[in-house]
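**Q** Please model the entire structure based on the sequences and the hints provided.
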Amino acid sequence: MTRRFHPLLSLALAGGLLLVPAPAILSQTLGPGAEVLAQKPTGAVLLTITGPVAGQAVPVTLHLDQAMLAALPQASFTTTTIWTEGPQTFTGVPLSALLAATGMTGRAILARAINDYSVEIPVEPWPAEGPIVAYLRNGKPMSVREKGPLWIVYPYDARSDYRSEVIYSRSIWQLDRLELKP
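Positions 768 to 949 (my numbering) are the ones given, in order, by the sequence shown.
Each hint should be verified, as a subset may be incorrect.
[Claimed, not checked] Quick list of simulated restraints, FRET-style, between CB atoms: (1) 948 / 881: 27 to 33 Å; (2) 856 / 935: 17 to 23 Å; (3) 895 / 824: 31 to 37 Å; (4) 887 / 821: 20 to 26 Å.
[As the list claims (entries may be wrong)] Computed list of lysine to aspartate or glutamate pairs in DMTMM-like fashion (alpha-carbon distance at most 20 Å, straight line): (5) 807 / 946; (6) 807 / 943; (7) 907 / 832; (8) 948 / 887.
These are calculated hints, taken from the structure and not from any lab test. C-beta atoms are modelled at their ideal positions from N, C-alpha and C, and glycine is treated no differently.
**A** Rendered as structure tokens:
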């Protein structure tokens, strides 16, 4: 039996190119949590992130599970929302910390939900009380029915500018994909 290589792999080997997997690329980034993202998920993938990384010719794609998200820098806050009753406590990864850990760059994030709803969020220097990719609400994982498993949430009560139609439209629930746009 003859073993056949994938045509692109054969071309890469013949041309002397070294194909570096995404985890190896990320281990060279300086963002806090990069070592977490260099691992492979062991649980169900909750979030896929794609984007350009400096020095790489093609975009990098990462897959994160619950444990990987929990191992990244964390933030929690209690706030009211227009979609829930009473104050809610959200825990997750600050969007700024997530981007720093990936080493990805871009002018905007295209956030997509399970049902393909999407919204563009400009990449900006978010304040310390900025948006998070929440995976816990009131200390418990969120089901799809409860707007989970991931929800981009802002601390709406912390700043009046977070209580606007623009910010509400960026508060995408049932999030499953982020794509950095150049």
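**Q** Just pull the numbers of the violated hints for me, sorted ascending.
**A** Of the numbered hints given earlier, the structure breaks just one, which is hint 1.
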